Structures are given as C-alpha cells and as structure tokens.
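Student: As you go down the protein sequences, you meet chains A, B and C in turn.
Quick note on the UniProt record's numbering: the first sequence kicks off at 1 and runs consecutively.
Quick note on the UniProt record's numbering: the second sequence kicks off at 1 and runs consecutively.
Quick note on the UniProt record's numbering: the third sequence kicks off at 1 and runs consecutively.
Be aware that one or more of the hints could be misleading.
[Said to hold, decoys possible] Covered by chain C, according to a simulated footprint, are these stretches of chain A (three or more residues, beta-carbon under 8 Å): (1) 41-48; (2) 54-61; (3) 65-75.
[What the hints assert, rightly or not] With beta-carbon atoms standing in for the labels, derived distance ranges: (4) A:378 to C:108: 43 to 53 Å; (5) B:49 to A:317: 54 to 64 Å; (6) C:122 to B:158: 45 to 55 Å; (7) A:77 to C:40: 36 to 46 Å; (8) B:49 to A:341: 53 to 63 Å; (9) B:49 to A:103: 51 to 61 Å.
[Stated by the list, open to error] Now the stretches of chain C that chain A is said to cover, found in silico as 3 or more residues with beta-carbon under 8 Å: (10) 51-61; (11) 98-106.
In case anyone wonders, no lab produced these hints; they're calculated from the structure.
Computed from a predicted structure; not experimentally measured.
Note that the Cβ used here is the ideal one computed from N, Cα and C, for glycine as well.
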Amino acid sequence: MGLTADERWDIIDAITQRTVGTGTYRRTLGDALGDLTIQPLTGIPVALGVLYAFWSIFGSFAGSLVTDGFMVKLFDSSWLPWLQAAWPNPDSILYYLFVGDPAADNCFEAFGALTSGLFVAIGVVLPAVLIFYLMMTVLEDSGYLPRLAVLMDTVLHKIGLHGYAIVPAILGLGCNVPAVTATRILETRKQRFIMMSLLAIFIPCGAQLGVMLEVIPETVGLVMLYLIIGFGIFGFVLDRLIPGSNPEILIDVPPYRWPAWENVTRKLWSRTKGFLKEAVPFVLLGVLIVNVLYLTGVIAALADLFAPLFVTWFGVPKETVGPLVAGFLRKDLAVAQLSTIAMTPYQMITSVVLVSIYFPCVATFVVMLREGWRELLAAIAVLIAVVFIYGGLIHAIGILMGVA
Amino acid sequence: MKEQSNNTTTILMVGNPNVGKSALFNRLTGANAVVSNYPGTTVDYTAGTLIEDHRTYEIIDVPGTYSLKPRDAAEMVAVRMLDEHRDATVLVVLDATKIERGLYLALEVFERGIPCIVALNMTDAAHDKQIAVDAAGLQRILGVPVIATTAISGEGVKHLADMIRKAQAADISAIRSRLNGQEQNRRSMAGCGGCSGCGGCR
Amino acid sequence: MNKNVSVFSLFIGLLGLATLASGLADILVWAGADPGFSIGILEIAGDDFFRWAWGGAIVAFGGLFMLAGLKNTDDLQQSATVLLGAAMVWIIAGTDIFARFCESVPAGEEAPEFFNSLSGFLAGFAPPYPPAILLLPFTLVVAYVLFTRRFDEAEPPSTADFPNRL
Chain A
1 MGLTADERWD IIDAITQRTV GTGTYRRTLG DALGDLTIQP LTGIPVALGV
51 LYAFWSIFGS FAGSLVTDGF MVKLFDSSWL PWLQAAWPNP DSILYYLFVG
101 DPAADNCFEA FGALTSGLFV AIGVVLPAVL IFYLMMTVLE DSGYLPRLAV
151 LMDTVLHKIG LHGYAIVPAI LGLGCNVPAV TATRILETRK QRFIMMSLLA
201 IFIPCGAQLG VMLEVIPETV GLVMLYLIIG FGIFGFVLDR LIPGSNPEIL
251 IDVPPYRWPA WENVTRKLWS RTKGFLKEAV PFVLLGVLIV NVLYLTGVIA
301 ALADLFAPLF VTWFGVPKET VGPLVAGFLR KDLAVAQLST IAMTPYQMIT
351 SVVLVSIYFP CVATFVVMLR EGWRELLAAI AVLIAVVFIY GGLIHAIGIL
401 MGVA
Chain B
1 MKEQSNNTTT ILMVGNPNVG KSALFNRLTG ANAVVSNYPG TTVDYTAGTL
51 IEDHRTYEII DVPGTYSLKP RDAAEMVAVR MLDEHRDATV LVVLDATKIE
101 RGLYLALEVF ERGIPCIVAL NMTDAAHDKQ IAVDAAGLQR ILGVPVIATT
151 AISGEGVKHL ADMIRKAQAA DISAIRSRLN GQEQNRRSMA GCGGCSGCGG
201 CR
Chain C
1 MNKNVSVFSL FIGLLGLATL ASGLADILVW AGADPGFSIG ILEIAGDDFF
51 RWAWGGAIVA FGGLFMLAGL KNTDDLQQSA TVLLGAAMVW IIAGTDIFAR
101 FCESVPAGEE APEFFNSLSG FLAGFAPPYP PAILLLPFTL VVAYVLFTRR
151 FDEAEPPSTA DFPNRL
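Only chain A is shown next, with the shape it has when bound in the complex (with noise of 0.2 Å):
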C-alpha cells in the first residue's frame, strides 16, 4: 500500500521500457473504417445503415420465416384444431380460460391461455428474441455499439442520458423487459429514471408495433415520429424536472474484431433463458387473468367507471376502455379488440396512440418493480401525465381539425 500516482507511473515506465518492443506502426483499412463510423458525417449514415440492417434482418427472419411460414401454419392448423377437439366441454369455465372461443379459427383471436397465450409466446415473441438478441449480440461483440455510442453521446446528454443509453432505447423496441435491465448501464438513479420512463412511455415494444401495422399502417410513420418528438420533449423536460447528475463516461472504444462465435452462443443463450424464464410465464398468466376478469365482470365495471373520462377527455368510444384495461397484460388482445370496435378512423388512431404510449405490459411492470418501487411509483405518475396531456391534446387537435 502506500505508492502515488507517479511512483507507480514510474515503475510502469521502467517495465514498459524493458519489455515492450514496438515497430512501425501501419494503419490498417479496418482502424480508418473505425474512423469513419465514428465521424457523424459519415457515422450517421452508417447507423442508419446498421439500423436498417437490424430492423430488416429481424422482420425476415422472425415474421416470414419462423412466425408466418412455419409457427401460424403449426398453430393455427394442428395445434388449434386438436385442443379445440380435445379439450372436453366447450362450455366449461376451463374450456374459456385455457382455449377461448370454440368457434375461433386461429389461435390468434381464440383468446385462450393455451392457444393465444402460448402462440403469442412461442410462435411470435420466442423468434422475435432469438434474432434480436443474436444481432445484439453481433453488435456489441464487433465493437460497433460502442461506437454508436460515442456517436449518440452528445445528443442523448441533452435529455439527461448518455451515449450508451441507446442500448436500452434499441432493446426497448423489440421488449421493454430486457431494455428495462439494461438500463442497468447508466450511471445514476436519475439517468435511470429517467430512461425507464422515457422506454415505458414512448418506445413501442414489437407487440405495440405490431399492433399499430395491424390497426393503421398507413400512419404508422406519423404515429412513430411523434413518439420520436415525444421522446425528445419529455427527455428534456424530465431532466430538468428531476434532480441528479448526469456524468460524462469514458466510452472505450475497442477495435474492430470478429466475434468470436463461442461467446456468441453463450451470451445468445444466456440471454434467451432469461427472456424466457422472466417474460413467457407473464404473457401465459397474463391471458388468463384477463379471461379471470372478464367472466367476473371486473373488466366491464373498469369501462364503466373509466367511460366518461375516455369519452368527453379522449373522445373515443366507451367500447374501448375494455381493450385498453386488457392490454395492460395483454398488448395483442388490445390489437385484435380494437379492431372489431366501429370507430372514425380519427378515433382508430387515438385509441392506438393510446395503447402505445400507454402504461407498459405487466412484465415490464415487474422488472420495473425489480429495480426499485419509487422509481416505478415515479414512473406511473409520469406516465399518467403523459398519457392525459397527449391524449387530450390528439383529441384537441382533432376537434380543432374538424374530424373529431
């Protein structure tokens, strides 16, 4: 014990001089590549790129690969059609809870914690995971994430966050659960804070995507700009709202390698498992605590009470209150029941700007819960001022408009 600072920078540089040789050193293609993806010039566009790439890899291999060419065909045509034959009694209180509507057609909107909730898992929530955490993976052992970082830096310092807070915002778009964990990389309680929020609130998860491609793909570009803004704004305002520092960090910005295919694996593996041990039994109880609700008739006292406010404050039917209690555990049903509902397409839009920004699906809730009840007490208030101010305001805009 006992050495300063310079005694041992001496002692290094005594140990250096005897042991390290250097020779003339070559810049390689690969360090200027290096460079140039962290220049914003021509950064920028690279990360659009790289996003790009992402995005699109994860559509072809999770959507027309797995889900729609094999795991729809799978459920829909065996798996359905036995349980529906199978299970005895098709009126039964189980019959409802575990397969759902007898005469559904598609595992899709039969509601039923086994064919729903199990199809929702496996079939589309288990291969959306697997892809988007190889590529995460990919990323982040290729050295480019750090990259991307340095490169966010200076903007995400404006809103309270930094640089490395992109890897929570790039995970919350596939779920909220592990981009809630990875929050876990931000240095204080506020920057956290205010990540978590910011993902609860303006990062649709892939469910939420998909319901507003199902619901209104034509405006699904407007619908995500504003979150965008949205992110933005709040961001901003939160980090002048809540007090806490936000520290600089050292980003090291390793070379550009290959990644090793081992490490690959066991992080892939790693990770799947806690996705699934974490997120799975949730999305299983959630289908069946919402059927729980709506056979006692929870679910329909909810929109009465809830009815007037929904009606005069966001000007949208009192039908939908029902999908929008729902989705708090289930985003998919409040897909699939919105869509049924007779409404403007102004209202449509409202009611999906809703679901979206409204509150997360209760496995966030929980990982939320994990990392601390202030924070996500915090959270919910945040969250409803978010979610009366906007709502309000898209009805406002409506009314102004005309088409309200």
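Fit chains B and C to the known structure of chain A by using the hints.
Tutor: Quick look at chains B and C alone, frame taken from chain A:
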C-alpha cells in the same frame, strides 16, 4: 462463495474494460456461468467454475475497472469484491496493446499483497499492431506468473489454467530493486517444486 | 500503375453515380413519382417506407461515400471511404437477399406442407431485382481491389528481440 469448501479457491478476474476479460472467462469456465446482480447496485458480474488438475476454482469476472480508486458504480463493485475476498487469488488481465494502463491497475492490486497471476491477453492484436511484449521478461520483473493469451482463439488459455495454482503475492519493493538492476538473492518460495513458473526461483 | 489507378477511379466514379442515382430513384418511386418502376430485370417497387425511403437513403449515402472517396484512391482514408460506400450497398443487397431466402423456405400459406419445394425455393430468387442487388457484383469488385492492394510496405513485427514468445 461465502462458505468455501477447503479445496475451492476463489479467483477474481480483474482488468480494464475491453481487455477481453469476458472472453477469457468464457474460455476458462464451462457452460455453468451465472450472471448475477451485485447486491444493492446496478452492476452485473459473472461467476463460474473451473476444474483443473483436481482443483476446483470459483472464477468471478469482476466488472472492468481502470483503477482501485472507484469513479463509477462498476468500479465500486470491483473494489468491494477485492475487499470481500481477502483470501482469493487475483487473475489480472492485461491488454497487450495497452499494457501501461493495465499495469497501473495491476500495481494497485499487487500493493494489496494478494496472490496474483497475470494474463497478457490480446497478443494477436498486439502482433497486428506491431507491438511485442516480452512475457517472460515481465514475469521476471513482476515476480508473478505472466502468461500470454489470446482469449478469442483460445491460445495460451490452457497454460493459464495450469499456472493458476502458482499464483503468488508480488513484492513492490522487489519489483523496484529488480528494475534498478539489483539482482536479489532469489530464494525459493515455500512449497515450490521447482517449476520455473514464478520467477522467484530462477 | 498510374494508369490502373485512373481506370479504377473511373470505375468507382461511375459506380458511385449509379449507386447515388438508384438510391434517389428508390426514394422518388416511394414518394409517388411513379407507381412501381420496372425495366428488364430492374424493379423498384417503392411500396413501403422502410425498404424504399429508408433503404433508398442508405443506397444514396453509399453512392455519396464512393464519390467522396474518389479523389486519390491510393490514400488509405479515401479507400476506406469508398469501401464504406460499398458496404452500404451490401447492407441493402444483403438484407434483400436474406428476405427472399426467408420467404422462400416455407411453403405458402395455403399449401398443406411446411417446406417449399426446391423449384419453389429457387423461384424466390428469380428476377426482377432491386437496384442494390444489381449493384452488388460491382461493389464486390471494388472491395476485392482495395483489399488486395497494399498501401505501403511495413516492417514485420519486431518480435525477434524477444525470443520467448509462446
């Protein structure tokens, strides 16, 4: 890891961020690694086991740090882990391309008088960058085993696992006198079977 | 050598222009200048924002990078810029090919079986192609030339001083 059985040694892997610590960790441990959240913090660490030559080692991948004077949550955890595992062996991981920065941390660890072993990692990258590090020379000066490794390809990892049991506490004043050119009388370490691993008996 | 370089520069210049033009064309078709543009084996469907507006912008940037790196291609930094431009085209072409692959492996929705037949699978890769795929072979030539070229002679690593390498 609180209740250690007699034949389990705890190994703390300490190093700067991005020196390939995790890759080396994955090379050393089997498929049984567990990612845990350090209590009361936001920092994750990984722990796994290595069984080598009938000994069981519990290996903990300590979050990357630049010094033991913590400046952020991850560094704080690194220091706390060193404090908690006083009887552990420390595996210091150096990046051969940025050896000065890593040696600073290594010296801080040495000052604590804990048994240490050094992995000189990223030797492939060093080779590409025309940097040559004399591992044996480093071992002679530091007086602890220094093993060159390339975690990405697995080079030297087996050798490192073999050498973990030869880890020993470094002596800063001895390092200084060796640097000043004074060759001390090399005394054999207690229990040393003449392995040439440590530099103490050459 | 000098002549080779100028031929190579000319090639990159033309390729950069073609790339920039196809990127802009992607965006224009999407914006509604022409509903689904098609000549021979070239097709710009322009039907969705993500692929044609966003993806088109990536292609256009790729073209710009190639043009930006055009001057003095002997220089390392300039070569890297050209290579980056080529890589932008690879992103779009690669994801397009991957998308075709993912759509061709499963049989269609109506078909009873799960896997597509071989001929059905291959049919998924038939023309027409988007511009990025047509540009792909040319950008690969650029990459090949850049990778095989040596920028300057460097000394081998001076490890000989230390005989004790592992």
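Student: Evaluate each hint against the coordinates.
Tutor: Right, here's what the structure says about each hint:
1. 41-48: holds (count 4)
2. 54-61: Per the Cβ count (6), the hint holds.
3. 65-75: holds (count 7)
4. A:378 to C:108: 43 to 53 Å: holds, 50 Å
5. B:49 to A:317: 54 to 64 Å: Cβ of residue 49 (chain B) to Cβ of residue 317 (chain A): about 60 Å, so the range 54 to 64 Å holds.
6. C:122 to B:158: 45 to 55 Å: The hinted range 45 to 55 Å holds for residue 122 (chain C) and residue 158 (chain B), with Cβ atoms some 46 Å apart.
7. A:77 to C:40: 36 to 46 Å: holds, 40 Å
8. B:49 to A:341: 53 to 63 Å: holds, 56 Å
9. B:49 to A:103: 51 to 61 Å: holds, 55 Å
10. 51-61: As far as the stretch 51-61 of chain C goes, the hint holds, because 6 residues have Cβ atoms under 8 Å from chain A.
11. 98-106: Since 7 is at least three, the answer is holds.
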